[in-house]
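One letter stands for each residue in the lines below.
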Amino acid sequence: MPHELTTAVAALREKEALALVDRLLAEGADPVGIIDACKQAMDIIGERFAAGQAFIPELIMAGEIMRAITAKVTPHLSGAPGAAKRATIVLGTVKGDIHDIGKDIVATMLDIAGFDVVDLGVDVPEVRFVETARERQAQIIAMSCLLTSALEAMKRTVAAAAEAGIRGEVRIMVGGAPITEQVVAYTGADGWGKDAVAAVELAKAWTGGA
Amino acid sequence: MFTENWSELTPDERFDVRMQAWMEPGVEFASPGVRQAYQERVQLFRDAIELKKPARVPVAPWIGLFPGLNAGLTARETYYEYEKLHGAWQTFHDEFRPDVLAFSINIVPTRLYDILDYHLYDWPGHGVPEDAGYQYNEKEWMRDDEYDLLINDPSNYWQRFYLPRVIGALEPWTTLAPFTDLVEGPFTGPFFIPFGTPPVQQMLKTMLDAGNAALEWVQAMAGMDGASTAAFGIPGFAGGATKAPYDTLGDTMRGTRGLMLDKFRRPEKVLEACERLVPLAIDWGVRAADVNRHPMVFIPLHKGADGFLSDEDFRTFYWPTLKKVLLGLIEQGVVPLCFAEGGYNERLAAIHDPEIPAGRMIWMFDATDMKAAREHLGGYQCFGGNVPGALLTTGTAAETEAYVKQLIADVAGPGGFILGSGIVIDEARADCMKAMIDAGRRYGSEI
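Residue numbers (the working numbering), protein chains in the order written: chain A, 2 to 211; chain B, 80 to 526.
Isolated chain A (complex conformation) (with noise of 0.2 Å):
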């Protein structure tokens, strides 16, 4: 059935894509078949993305997209079981740091690929993603910066991880401008995505899924 809606939304033509749900609402469409269709047009914005033939407003144009369709389709869902959610991710821009772009974006299509975010914002105190992470029984950890200074904060917050003795069941994933392998290391993070596709990918890995 929403084949079309596929096509629509992953073109990121917005008004006809919303247009189109509107339409299918109003004659009793599944929803749920409504937002699986924007799934699949959000892999394939994905492996664009992968394939070096989309782009950072890409990626954020069809969040908007998906984000709008949500809104729509959301009050129609009533009674339909949520599906269930992959794993937790605690995740935030580090301490010093109030960029938040890219752990925007991360954040958007985790949640689209099925985890569930929570977002701790920009400016994160190392104890802050501990405690949550504890609190929630988050099984990563993702940490993002773009400033070369807030390369310690990363450091000191695996540090305060492993000193609250949680990094049996944590992992931890970094990411932003200044990430290079030898960061990783020097932090002691666990892995790293050199965008928000690859740590999608990288969260799926670590938490067993495809």
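To be clear, the hints were calculated from the coordinates, so they are not data collected in a lab.
As the structure is a computational prediction, the values presented were derived from the model and not from experiment.
A few of these clues could be false.
Claimed, not checked - Taking lysine to aspartate or glutamate pairs in the DMTMM-like style, the calculated list, with each CA pair at most 25 Å apart, reads: (1) A:Lys195 - B:Asp385; (2) B:Lys218 - B:Asp392; (3) A:Lys16 - B:Asp392; (4) B:Lys218 - A:Asp196; (5) A:Lys16 - B:Asp227; (6) B:Lys218 - A:Asp120; (7) B:Lys348 - A:Asp120; (8) B:Lys163 - B:Asp173; (9) A:Lys156 - B:Glu478; (10) A:Lys16 - B:Glu225; (11) B:Lys402 - B:Asp362; (12) B:Lys403 - B:Asp330; (13) A:Lys195 - B:Glu425; (14) B:Lys218 - A:Asp112; (15) A:Lys73 - B:Asp224; (16) A:Lys195 - B:Asp392; (17) A:Lys16 - B:Glu347; (18) B:Lys513 - B:Asp448; (19) B:Lys348 - A:Glu65; (20) A:Lys195 - B:Glu478; (21) B:Lys218 - A:Glu15; (22) A:Lys73 - A:Asp44; (23) A:Lys16 - B:Asp173; (24) B:Lys402 - B:Glu347; (25) A:Lys195 - B:Glu391; (26) B:Lys450 - A:Asp196; (27) A:Lys195 - B:Asp390.
Given chain A, work out where chain B should sit, using these hints.
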């Protein structure tokens, strides 16, 4: 106007006049030897720009807060304590001896920000911790339905819509009429009415305070830069700054996210606004180069980096208006100093544009493949940069030296290359910074 016969000069003659002015800065050097060291350094840059083989590779790291932090100051002290900063600035230049001064344009006037209630940035002790540098507050400061206001009259838009949002003290400016209402006598009265109101009068008083703080700041910055030039013969790297029109929109007006969405939703307005900003950007850069008698104008590039746009969109939305700015500056003899932050690998083909005159600008790169940069720009424009900030922060002196040695061996010969850091350096290991500069001088003499 740099000379009386300016309008009669060709762009190449203007370039030469500006270069000569840079060579003779009107500074009282500590000794003839220091003066000679200064002029040798300027010659290194001129040779690099003109793609000649320099005596050695010029070493020009972007240095931000590093002199202050390395002297044990916090970031907050580095911005606020001018006397302490002055000492740290002198010590840094004495010990490290780069070929350009640390970048005082990055010592932003936070005392002024306090007075103005500046919303565009956070700075240490004001939104970010005392040991962090200043940072942008990303937001849609310009609304998506305001493109026509901007396009119709940028100055009016800036004064009455944009600035009152980003500078708290200027909020009352929203009550003022456009200055273009002042056409003739009968309309003068209505125009001045708001100036009689308490909020506008308070705003003007605050602006006087801001002006005093700005004078203190510029005297402190010029004083410490001038002292380092006089004592150690180190020139400044730029006489001013300007921006790519697409970045003006994307950095601090519509915001990264806002502009990316506009590219889909109202592409023709984005293009029109970028065109409108071209003459403003050229004028800004040329005026700064004139006032400071320095040929180079710094242009930090952000939203055109790899990943931020497709190649097609870069060539459609970003490059055409940046190119007009570059051509406008070069026409006036100014040397655009583009700092391409992030990766520029996908842009190298586009920026190798035959319409930009060869040997008249500089491309400084960050995370760009420098061999590829050499392939595209070698023999066409001066380029450089690239020593990673993460290496200077998390690496060792030996690793840094090895990196610089390899970089110079790979791309520095036979000229047209400037060694620099990939990012502006705030925090870094002092031994790595020293290793970078020393290795640049040593291996840069062997090209």
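Here's how the hints hold up against the structure:
Proposed proximity of Lys195 of chain A and Asp385 of chain B is supported: the alpha carbons are some 12 Å apart, at most 25 Å. Of the pairs offered as hints, the one joining Lys218 of chain B and Asp392 of chain B holds, with about 23 Å between alpha carbons and a cut-off of 25 Å not exceeded. Our distance criterion of 25 Å between C-alpha atoms is met by Lys16 of chain A and Asp392 of chain B, whose separation comes to about 21 Å. This hinted pair checks out: Lys218 of chain B and Asp196 of chain A have alpha carbons roughly 22 Å apart, not beyond 25 Å.
Only pairs whose Cα atoms come within 25 Å are accepted, and Lys16 of chain A paired with Asp227 of chain B is accepted, the gap being roughly 22 Å. Straight-line distance between C-alpha atoms of Lys218 of chain B and Asp120 of chain A comes to about 18 Å, which keeps the hinted pair within the 25 Å bound. As the CA atoms of Lys348 of chain B and Asp120 of chain A are separated by approximately 34 Å, the hinted pair breaks the 25 Å bound. About 16 Å separates the Cα atoms of Lys163 of chain B and Asp173 of chain B, which keeps this hinted pair within 25 Å; it holds.
Among the hinted pairs, Lys156 of chain A with Glu478 of chain B is consistent with the structure: their alpha-carbon atoms are about 21 Å apart, no more than 25 Å. About 21 Å separates the Cα atoms of Lys16 of chain A and Glu225 of chain B, which keeps this hinted pair within 25 Å; it holds. A hinted pair counts as satisfied when its Cα atoms are at most 25 Å apart, and Lys402 of chain B with Asp362 of chain B qualifies at roughly 15 Å. Distance hint between Lys403 of chain B and Asp330 of chain B is fulfilled; the C-alpha atoms sit about 19 Å from each other, no more than 25 Å.
For the hint linking Lys195 of chain A to Glu425 of chain B, the alpha-carbon distance of about 16 Å falls within 25 Å, and the restraint holds. Among the hinted pairs, Lys218 of chain B with Asp112 of chain A is consistent with the structure: their alpha-carbon atoms are about 23 Å apart, no more than 25 Å. At roughly 24 Å between alpha-carbon atoms, Lys73 of chain A and Asp224 of chain B fall within 25 Å of each other, so this suggested pair holds. Distance hint between Lys195 of chain A and Asp392 of chain B is fulfilled; the C-alpha atoms sit about 22 Å from each other, no more than 25 Å.
For a cut-off of 25 Å, the pair hint linking Lys16 of chain A to Glu347 of chain B stands: about 17 Å separates their Cα positions. A threshold of 25 Å between alpha carbons decides the hint, and for Lys513 of chain B with Asp448 of chain B the separation of about 24 Å falls inside it, so the pair holds. A threshold of 25 Å between alpha carbons decides the hint, and for Lys348 of chain B with Glu65 of chain A the separation of about 20 Å falls inside it, so the pair holds. Distance check on the hinted pair: Lys195 of chain A and Glu478 of chain B sit about 23 Å apart at the alpha-carbon level, within 25 Å; holds.
Taking the CA atoms of Lys218 of chain B and Glu15 of chain A, the gap is about 22 Å. The hint holds against a cut of 25 Å. Note on Lys73 of chain A and Asp44 of chain A: the hinted pairing holds, with a Cα-Cα distance of about 21 Å set against a maximum of 25 Å. Simply put, Lys16 of chain A and Asp173 of chain B have alpha-carbon atoms about 61 Å apart, too far for the 25 Å limit, and the pair is violated. For the proposed pair Lys402 of chain B and Glu347 of chain B, the alpha carbon gap of about 19 Å is at most 25 Å, so the pair holds.
Simply put, Lys195 of chain A and Glu391 of chain B have alpha-carbon atoms about 23 Å apart, close enough for the 25 Å limit, and the pair holds. Pair hint Lys450 of chain B plus Asp196 of chain A holds up; C-alpha atoms about 24 Å apart against a cutoff of 25 Å. Taken as a hint, the Lys195 of chain A and Asp390 of chain B pair is honoured in the structure, with Cα atoms around 19 Å apart against an allowance of 25 Å.
Comparing the model with each numbered hint stated earlier shows that hints 7 and 23 do not hold.
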